[in-house]
Structures are given as C-alpha cells and as structure tokens.
Amino acid sequence: MSQRTGFTLLEMLVVLTIVATLALLAVPGYQQPLQSVRYSEAGACLIRIASAIERHHAATASDNEPFSLAHQAPDCVTRLSRQFAFGFMGAEGALQPDAPSRTSWLLQAESLTSPAASAGIPCGALTFSHTGRRGAIGREGQVFSSAEAIRRCWH
5 MSQRTGFTLL EMLVVLTIVA TLALLAVPGY QQPLQSVRYS EAGACLIRIA SAIERHHAAT
65 ASDNEPFSLA HQAPDCVTRL SRQFAFGFMG AEGALQPDAP SRTSWLLQAE SLTSPAASAG
125 IPCGALTFSH TGRRGAIGRE GQVFSSAEAI RRCWH
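For the sequence shown, the working numbering begins at 5 and goes up steadily by one.
In case anyone wonders, no lab produced these hints; they're calculated from the structure.
All values derive from a computational prediction rather than experimental measurement.
It is possible that part of the hints are untrue.
[Unchecked claim] Restraint ranges, calculated between C-beta atoms of paired labels, are given here:
1) R137 x V41: 55 to 61 Å
2) G136 x L99: 19 to 25 Å
3) T117 x R138: 16 to 22 Å
Beta carbons: idealized from backbone N, C-alpha and C, even for Gly.
From just these sequences and the hints, can you work out the full model?
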C-alpha cells in the first residue's frame, strides 16, 4: 500500500478560493483608513504651504514677487503629487501655481484618486485660505459648509 504525500489539486483550489475571498473582504477595510491618512497629510501640507507663503512675504516685504508653488513649495507637495494636485484657486476655479495676490489667496489640494478608490470619503478637495480658514469641496463640486463635514474631510 502506498502512502500519499502532499495535497491534491482540489484541496489546493479550495484553499486558494478561501484565501482570495478573505483578501477581497480585507482590502476595502485597509483602503479607507489609508485614504484618510492621505487626506490628513494633504491638510498638513496645505498648512506648511501657508507657512512658506508667510515666510516668503516676510523675506520679500519690499518686493512684489508672488509666491510660486513651482519654485518655493515644501517637499510634501512633491511627495503627495501622485494623490493630490496643489495650487491656488483661480478666478475660473482652475488651479494655478502662483499666488494671485500677496494679501488674499485660497490654497487647494484636489484629490487625483478615483471616487471608487476613495470609497467612504466624500471629499474631492481640501482648501485653506489666507485667513487660516479650512474648507472642503465634495466630489461633485459642492462646497461643504458644516463644521462636521469639513472636520471629517480634514480628519
């Protein structure tokens, strides 16, 4: 009588099916907190950019040189560039790399990820104004006005 060692093909397929099912259930639970962390990092980056703008204006008080993200952005802008587009809100709503004014500006970090990849996060962009006011814009373009919705976006 011969003794069998190893697994049959059917046993391997059953195990593979179970592992694949568990992976499918685990991935969304992993993606949502990861996306929340990215939004928190983008919010912190907006605040770092605002600090860099203030330092730039203090150093160039007599000049009329605008702050430019292309030349003076903190390293977080480059690090997060695959997930967010950073810029100043322009007149037509388009992002611009240069601050439109020394005294009045609105920074924006717009998410580049698809809505499906950001399941559970209704935010499309974070904003930060020259007055220090935080804001959020939904994926459909609606501006969130409630403090709770803004807090959820900024985490």
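The hints, checked one at a time:
| no. | hint | verdict |
| --- | --- | --- |
| 1 | R137 x V41: 55 to 61 Å | violated (23 Å) |
| 2 | G136 x L99: 19 to 25 Å | holds (20 Å) |
| 3 | T117 x R138: 16 to 22 Å | holds (20 Å) |
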